[in-house]
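*Asks:* So the protein sequences, as listed, match chains H and Y.
Under the working numbering, the residue at position 103 of the first sequence is numbered 103, and the numbers go up by one with no gaps.
Under the working numbering, the residue at position 57 of the second sequence is numbered 57, and the numbers go up by one with no gaps.
It is worth saying that the hints were derived from the structure and are not from the lab.
The C-beta atom is built at its ideal place from N, Cα and C for all residues, glycine as well.
There may be inaccurate statements among the hints.
Claimed, not checked - Below are the DSSO-like pairs computed for lysine-lysine, each with C-alpha atoms no more than 27 angstroms apart in a straight line: (1) H:Lys157 / H:Lys33; (2) Y:Lys19 / H:Lys33; (3) Y:Lys19 / Y:Lys196; (4) Y:Lys9 / Y:Lys196; (5) H:Lys157 / Y:Lys19; (6) Y:Lys120 / Y:Lys19.
Unchecked claim - Far from chain Y, by Cβ distances over 12 angstroms, these chain H residues were calculated: (7) Asp3; (8) Thr37; (9) Val39; (10) Leu43; (11) Ala62; (12) Val88; (13) Val91; (14) Lys94; (15) Leu95; (16) Asn101; (17) Leu146; (18) Asp159; (19) Ala161; (20) Asp162; (21) Val191.
Here's the letter readout for the chains.
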Amino acid sequence: MNDILAIIIGGIFVNNVIFIKFMGLCPYIGVAKRIDTAVGMSLGVLFVITLASTITFFINYAVLVPFNIEFMRTVTFILVIAALVQMVELVVRKLSSTLYNALGIYLPLITTNCAVLGVALLAIKNDYNFWQMLAYAVSSSLGFGLALIIFAGIRTKLDSADIPLPFRGVPIALIVASILAMAFMGFSNMVK
Amino acid sequence: MTLWQEFSKGIVRENPVLKILLGFCPTLAVTTLVINALGMGAATTFVLVSSNLAIALVARFIPENVRIPCYIVIIATFVTVVELLIQAFSPALNAALGIYIPLIVVNCIILGRAEAFASKNPVLPSILDGLGMGLGFTFALVILASIREIFGNGTWLGFNVIGIEGFSPILFFALPPGAFLGLGLLIALVSAYQRKR
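Chain Y with its partners taken away, still in its complex shape:
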């Protein structure tokens, strides 16, 4: 597999959310607004790339039995870095994402990539794999957030996109039930498209 394929597979073909069906917790929780989805996507991508890099470097020194706790500590370290950075530079994003920033630790995508890819591959492919998976995760988040923000709030990334006089947003999409419904329909759409081909 070429390096380009390692990078691009996570974006569409093996999209972690829409195809592999991992990491639903942050996907549903932060997608009320596109800006939150971008923030969560960037934070998760940073953690994915750094933890993949670190794990690819140290994997062969870690004994088999204790590898999962070791990976979790490495991931948690980078999550703490991200948490402190967001607190320092973007208090608004920190308030919007709240508890879901430390919960990046238990995002199954990250531990999944560490175990399935970074521990068995050299550094460069691991970085590209993390970057691709992170972008795929961000991509899925932004699609779901776009649906929820446009219908639930009438805006996209803060801009008013529905110019209809007297349009009142469908609050349902901004609330938790809308998140479940939106993601359910998206995954069904992807699977219907796959069946057709």
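In isolation and in its complexed conformation, chain H is listed as follows:
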């Protein structure tokens, strides 16, 4: 039970996907302009990362390991993720229009989100069992969501700030990320 707790705290704070592992920066820079879009994107990522990690976990241990073709992992995982995102989009569109309106526009963007592939691969590299993998996937996406929502909040304030011209847009976003990453460094050594 303790290790699960450590993985959850580690995933959200200590090894935050955006600030410490640098994964999923494109949506961080591109999408996090308003808090409601940040929440939508976070929910979409939570859904896709959890589903993708679960499926790739079973593919890895049911197909790749028994047939001794682990070197195909990168190719298999990225294909599964790309196919999965397309399928989820179709299913969500058929099942619930409310959910589709909330998540639909974010789903295509998630395929190229390196956090999805990164979390799936790290869960295998760290030799997690099923529950650890699940805890890791959920907490990593929560950490992603946390970073996205904090940043969206700051960005609404930045809009009315007087930023020097060359720093407008991406540079100031990276400098804000730097300060937030410093804050997140405060959590390091909280779990081993």
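Start from chain H and add chain Y according to the hints.
*Replies:* Frame of chain H; chain Y shown alone:
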């Protein structure tokens, strides 16, 4: 556009990291040391050139609707090749780059070049485009890594460059916040230079 221009545009004028603002994930993650930046740059350049070559050859046989998954599979194949090569010949680089080697697959620069250039152009310009973009990517990585290694570690490519007695490295630059700050300042510098001209 001449072949030389196809090659040279990626290095400065359309630098993928500093101008087009793509591929931040590996840029920030591996630039703690210049040697890691060079390794990542070489790996990405290899994948860019090979995938551009392969995609330029097969693009007209691929149906429009399934092109993105096809490109991703081609890219992932070359990434696997690079991954196995690094594991075989440079275990130290493999340990330093770790998870970021397979993540070359989702580097938006590669899919971006495949979609925007290689799928519409003949083989030779595509190879040169990939080579130029790869070198531009490596160039940006090495600049950022130089800043981070000199300030954060007191060395450059492993050589001790700060000869001051009692200099203690600014650890901030070796840690994630330093990566964000360094890249932010670099991009601002490039954009300020552009405005001035």
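*Asks:* Now tell me, hint by hint, if it's right for this structure.
*Replies:* Here is what the structure says about each hint:
Between the alpha carbons of Lys157 (chain H) and Lys33 (chain H) the distance comes to roughly 10 angstroms, so the proposed pair stays at or under 27 angstroms and holds. With a C-alpha separation of about 21 angstroms, the suggested pair Lys19 (chain Y) and Lys33 (chain H) falls inside the 27 angstroms cut-off, and the hint holds. Distance check on the hinted pair: Lys19 (chain Y) and Lys196 (chain Y) sit about 15 angstroms apart at the alpha-carbon level, within 27 angstroms; holds. Under the criterion of a C-alpha separation no larger than 27 angstroms, the hint pairing Lys9 (chain Y) with Lys196 (chain Y) is consistent with the structure, at around 20 angstroms.
Between the alpha carbons of Lys157 (chain H) and Lys19 (chain Y) the distance comes to roughly 26 angstroms, so the proposed pair stays at or under 27 angstroms and holds. Between Lys120 (chain Y) and Lys19 (chain Y), the direct Cα distance comes to roughly 22 angstroms. Compliance with the 27 angstroms bound is thereby established for this hinted pair. The non-interface label for Asp3 (chain H) is consistent with chain Y: the shortest C-beta to C-beta separation is roughly 20 angstroms, beyond 12 angstroms. Distance check on Thr37 (chain H): its Cβ is at least 19 angstroms (rounded) from any Cβ of chain Y, clearing the 12 angstroms threshold; non-interface status holds.
Here Val39 (chain H) stays apart from chain Y, with its beta-carbon at least about 23 angstroms from theirs, past the 12 angstroms limit. A cut-off of 12 angstroms between C-beta atoms confirms that Leu43 (chain H) is not in contact with chain Y; the least separation is 21 angstroms. Taking the minimum C-beta to C-beta distance to chain Y, about 20 angstroms, the non-interface status of Ala62 (chain H) holds against the 12 angstroms cut. At roughly 15 angstroms, the least C-beta separation between Val88 (chain H) and chain Y is larger than 12 angstroms, which holds for a residue marked as non-interface.
The beta carbon of Val91 (chain H) is kept farther than 12 angstroms from every beta carbon of chain Y, the shortest such distance being approximately 18 angstroms. Against the 12 angstroms criterion, Lys94 (chain H) stays outside the reach of chain Y, whose nearest CB is about 19 angstroms from its own CB. The beta carbon of Leu95 (chain H) sits about 23 angstroms from the closest Cβ of chain Y, which is more than 12 angstroms, so the claim that it is off the interface holds. Non-interface call for Asn101 (chain H) relative to chain Y: holds, since the shortest CB-CB distance, roughly 24 angstroms, exceeds 12 angstroms.
Against the 12 angstroms criterion, Leu146 (chain H) stays outside the reach of chain Y, whose nearest CB is about 16 angstroms from its own CB. In this structure Asp159 (chain H) is separated from chain Y by more than 12 angstroms, as the shortest Cβ-Cβ distance comes to about 18 angstroms. No beta-carbon of chain Y comes within 12 angstroms of the beta-carbon of Ala161 (chain H); the shortest separation is about 15 angstroms. For Asp162 (chain H), the shortest C-beta to C-beta distance to chain Y comes to about 15 angstroms, beyond the 12 angstroms cut-off, and the non-interface label holds.
With a least beta-carbon separation of about 17 angstroms from chain Y, Val191 (chain H) lies farther than 12 angstroms from that chain, consistent with its non-interface assignment.
When the structure is compared with the earlier hints, no violation turns up for any of them.
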